[in-house]
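Chains as they are written, first to last, in my numbering: chain A, 1 to 407; chain B, 1 to 407.
Just so you know, these hints were derived from the structure itself, not from any lab. Possibly wrong hints are sitting among the right ones.
Identical copies go unnamed one by one, so any copy, or any two together, can satisfy a pair.
To be verified - Within a straight-line C-alpha distance of at most 30 Å, the following computed DSS-like cross-link-like pairs (lysine-lysine) qualify: (1) K24 / K132; (2) K85 / K285; (3) K400 / K366; (4) K85 / K348; (5) K367 / K400; (6) K131 / K2; (7) K400 / K280; (8) K367 / K24; (9) K12 / K269; (10) K269 / K400; (11) K85 / K366; (12) K285 / K211; (13) K348 / K367; (14) K337 / K89; (15) K337 / K24; (16) K285 / K215; (17) K85 / K337; (18) K269 / K366.
2 protein chains.
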Amino acid sequence: MKIIPGGVTAPKGFEAAGVEAGIKYENRKDMALIYSQRPCVAAGAFTSNKVKAAPVLRDMRIVEESPYVRAVVVNTGIANAATGKDGLKCCDDTASEAAALLGVPEDSVLIGSTGVIGPVLPMERIKAGLKKLVSAKAAAKGSGFDAATAIMTTDTHPKEFAVELEIGGATVTIGAISKGSGMIHPDMCTMLSFVTTDAAISKEALTKLVKNDVKDTYNMISVDGDTSTNDSFIVLANGAAANPVILPDTPEYEAFGKALHAVNEHQAKALAEDGEGATKLIECKVVNAASKEDARLLARSVISSNLTKAAVFGRDANWGRIICALGYSGAGFDPGKVCLYFDRDGEKFTLYEYGRGVDFDEDEAKKILSASSVRIVADMNDGCESAVAWGCDLTYDYVKINGDYRS
Amino acid sequence: MKIIPGGVTAPKGFEAAGVEAGIKYENRKDMALIYSQRPCVAAGAFTSNKVKAAPVLRDMRIVEESPYVRAVVVNTGIANAATGKDGLKCCDDTASEAAALLGVPEDSVLIGSTGVIGPVLPMERIKAGLKKLVSAKAAAKGSGFDAATAIMTTDTHPKEFAVELEIGGATVTIGAISKGSGMIHPDMCTMLSFVTTDAAISKEALTKLVKNDVKDTYNMISVDGDTSTNDSFIVLANGAAANPVILPDTPEYEAFGKALHAVNEHQAKALAEDGEGATKLIECKVVNAASKEDARLLARSVISSNLTKAAVFGRDANWGRIICALGYSGAGFDPGKVCLYFDRDGEKFTLYEYGRGVDFDEDEAKKILSASSVRIVADMNDGCESAVAWGCDLTYDYVKINGDYRS
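Here chain A stands alone, though its shape is the one from the complex:
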């Protein structure tokens, strides 16, 4: 597997576009299209929030029931959440218009929205935006980048990634674009992440991979503890690579799954790192936990702790907040067995051992906490399972961004 330039248009047979549609903001790209020249097998994971946005409700149905998918249309600025029947009608109208323009079935069009909860979409602008998207769409690398740019809200930079690998003699490519920044919290937590691949893969295999992989990638990040109404992670596989169809639990399935995981992990980390107001990425690795679920709970609890996040922002090696966050994670463990350290390029910087803090050089600790990423390791000494979670620091800018988001 190797990393290659580009995003969703890196795999064969995919086109994309990002255009200015004036949905909420002026002078910025705010509508995106991902289009496949061939029918795609689709799988997805969506928010666990009981209040699901209209496009999420529709996409869940399409991914489950439609024979294939051909396109994803995304708008930013307005979430189309808590919009009742009007919101669902906006989705249907968007899909119907996009289908007509693209010459594909209406039920092969998925929709993603992100932005303010409440307002109804300005459908005339959406329709004008769709026309622009369809004429702009192209397989060029730049078109994928335009789409990555158009799906951003408070993100500070577009997030795309692509890898390729060999499967059954064919070169298979996987590409992704994602946006995150705020209202980001484990439990299908990424606001929007779209992955394309030219792999030929069965629906069963793709669905199984998606279901398992989100647990260790998008569901292991948090920016602020708020699980969005619009979270959507969608994978489209169009088979253009002409590899033998990947079936569950085969060596090819494992290889493809590993590559998909690399893409998802990369994007999840990028979302955490670019969280609202963030100045640094916080990674927490839990090792030797009693169970996989415990390891995940413990790691997520640390990177979700406001006090730990604020301490990292202040470059204060206040490990008491880390052990405290492990303690209220819901996982069972013996505090007397735990060791905590910073991982500085593979070297241990120990903070706490077997129930007690240890003396350490505060200046050195401050240096470690001044880096752009901070790696915390919690060794539970209680089993052999591990998990990693990613978050970011809590800063003045987070409060600033969210104290006045709507205006």
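Fit chain B to the supplied structure of chain A, relying on the hints for placement.
Same frame as chain A, now just chain B:
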């Protein structure tokens, strides 16, 4: 029942003191004593954090096993958490010294600590502080206030409260002192709250009251989502009012329980209102929920939401974040049935009805959000249970306080 001046020394037979012991800070009171002239029935609730501070581990045992309690000794500045065997020995030494000075059994002395996790207590200063406390202790109102002052960490003001009521012809008094501010989150969430009463009450009755009442008071507040290692809520009842002993499930039990609830609710709200960096109290009342547990989950989720807290700070009536927080609370409900409004002195200011936002006057909403307390009501239209939770806004000062707490 009527509110009276004072705190823990308002009930008959209780003395208190607060002195400067130099535990961590200079020139401020940082050790407190509550002393009862008579043996007390005691009940308590403690942190659910798996990492429990040494004094919590000791107090849980004393409250459960000791025949009676005579005193509580509190220090601030150092939490005595994650301090291993040395921490437990500090507790034993403190209790033994206090017991000798007060002439009471060692197992009748409870200990509370709050402050930084990790460091070991400076026992010479603790012992010197104990001597000062024992000579300063008095039944005066001012002594209770001194104790309320001495238990503060980042609190901006002392929190004491007292009520009296008639039971079986006797006047019964209940008094309280509490401290909160940071690391405050539902699940036995107050850092420290001590209630004294001169009521005669059976251990069974007091234990039952405490267990039930924390669910709707201290466990319904949140400042930052971090459940402390040191949370302790302790009630001491010394019987000096000479009322007939209160037994479970009697009219007297109900009356006393109602008064105790009023004290706990008052103190819980005071803790939320004075949360770290807070500029206002946020109250969320959930009505017509399907179950009591759902109502509590929903209300707590709203007041714990960082995005809602930041929006209230910014006086932005961004109700989408409220409905979103209800949605990820874990409680089941139909978003199409929900109504959201602000309660402005009993008058409804509607934001969202039956799955949709409604048009409202943004300037009026800003006015409502400019008050020192904001009351959000969520009508689930799904049953007849209700619950109230209290929190505070998320501000620049929260980040400032917690970006550099140790130094």
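Evaluated hints:
1. Within a single copy, K24 and K132 get their C-alpha atoms as close as 17 Å, which meets the 30 Å cut-off; across copies the closest is 65 Å, which misses it.
2. When the C-alpha separation of K85 and K285 is checked against a cutoff of 30 Å, the pair qualifies only between copies, where the shortest distance is 27 Å, while the shortest distance within a copy is 43 Å.
3. With identical chains, the CA atoms of K400 and K366 are at most 30 Å apart both within one copy (25 Å) and between copies (17 Å).
4. When the C-alpha separation of K85 and K348 is checked against a cutoff of 30 Å, the pair qualifies only between copies, where the shortest distance is 25 Å, while the shortest distance within a copy is 55 Å.
5. For the identical chains of this complex, K367 and K400 are neighbours both inside a copy (27 Å) and across copies (20 Å), given an alpha-carbon limit of 30 Å.
6. Taking CA atoms no more than 30 Å apart as the test, K131 paired with K2 passes in neither setting, with 36 Å inside one copy and 70 Å between copies.
7. Taking the shortest alpha-carbon separations for K400 and K280, both the intra-copy value of 17 Å and the inter-copy value of 17 Å come in at or below 30 Å.
8. Taking CA atoms no more than 30 Å apart as the test, K367 paired with K24 passes between copies only; the shortest distance there is 25 Å, against 42 Å inside one copy.
9. Taking the shortest alpha-carbon separations for K12 and K269, only the intra-copy value of 26 Å comes in at or below 30 Å, while the best inter-copy value is 60 Å.
10. When the C-alpha separation of K269 and K400 is checked against a cutoff of 30 Å, the pair qualifies both within a copy, at 23 Å, and between copies, at 26 Å.
11. Taking the shortest alpha-carbon separations for K85 and K366, only the inter-copy value of 29 Å comes in at or below 30 Å, while the best intra-copy value is 53 Å.
12. For the homomeric pair K285 and K211, the shortest alpha-carbon distance inside one copy (22 Å) is at most 30 Å, but the shortest distance between copies (36 Å) is not.
13. Within a single copy, K348 and K367 get their C-alpha atoms as close as 14 Å, which meets the 30 Å cut-off; across copies the closest is 53 Å, which misses it.
14. Proximity of K337 and K89 under a CA criterion of 30 Å is satisfied inter-copy only: 19 Å between copies versus 56 Å inside one chain copy.
15. For the homomeric pair K337 and K24, the shortest alpha-carbon distance between copies (28 Å) is at most 30 Å, but the shortest distance inside one copy (53 Å) is not.
16. Taking CA atoms no more than 30 Å apart as the test, K285 paired with K215 passes inside one copy only; the shortest distance there is 15 Å, against 33 Å between copies.
17. In this assembly of identical chains, the alpha carbons of K85 and K337 lie at most 30 Å apart only when taken from different copies (13 Å versus 54 Å within one copy).
18. Proximity of K269 and K366 under a CA criterion of 30 Å is satisfied intra-copy only: 23 Å inside one chain copy versus 37 Å between copies.
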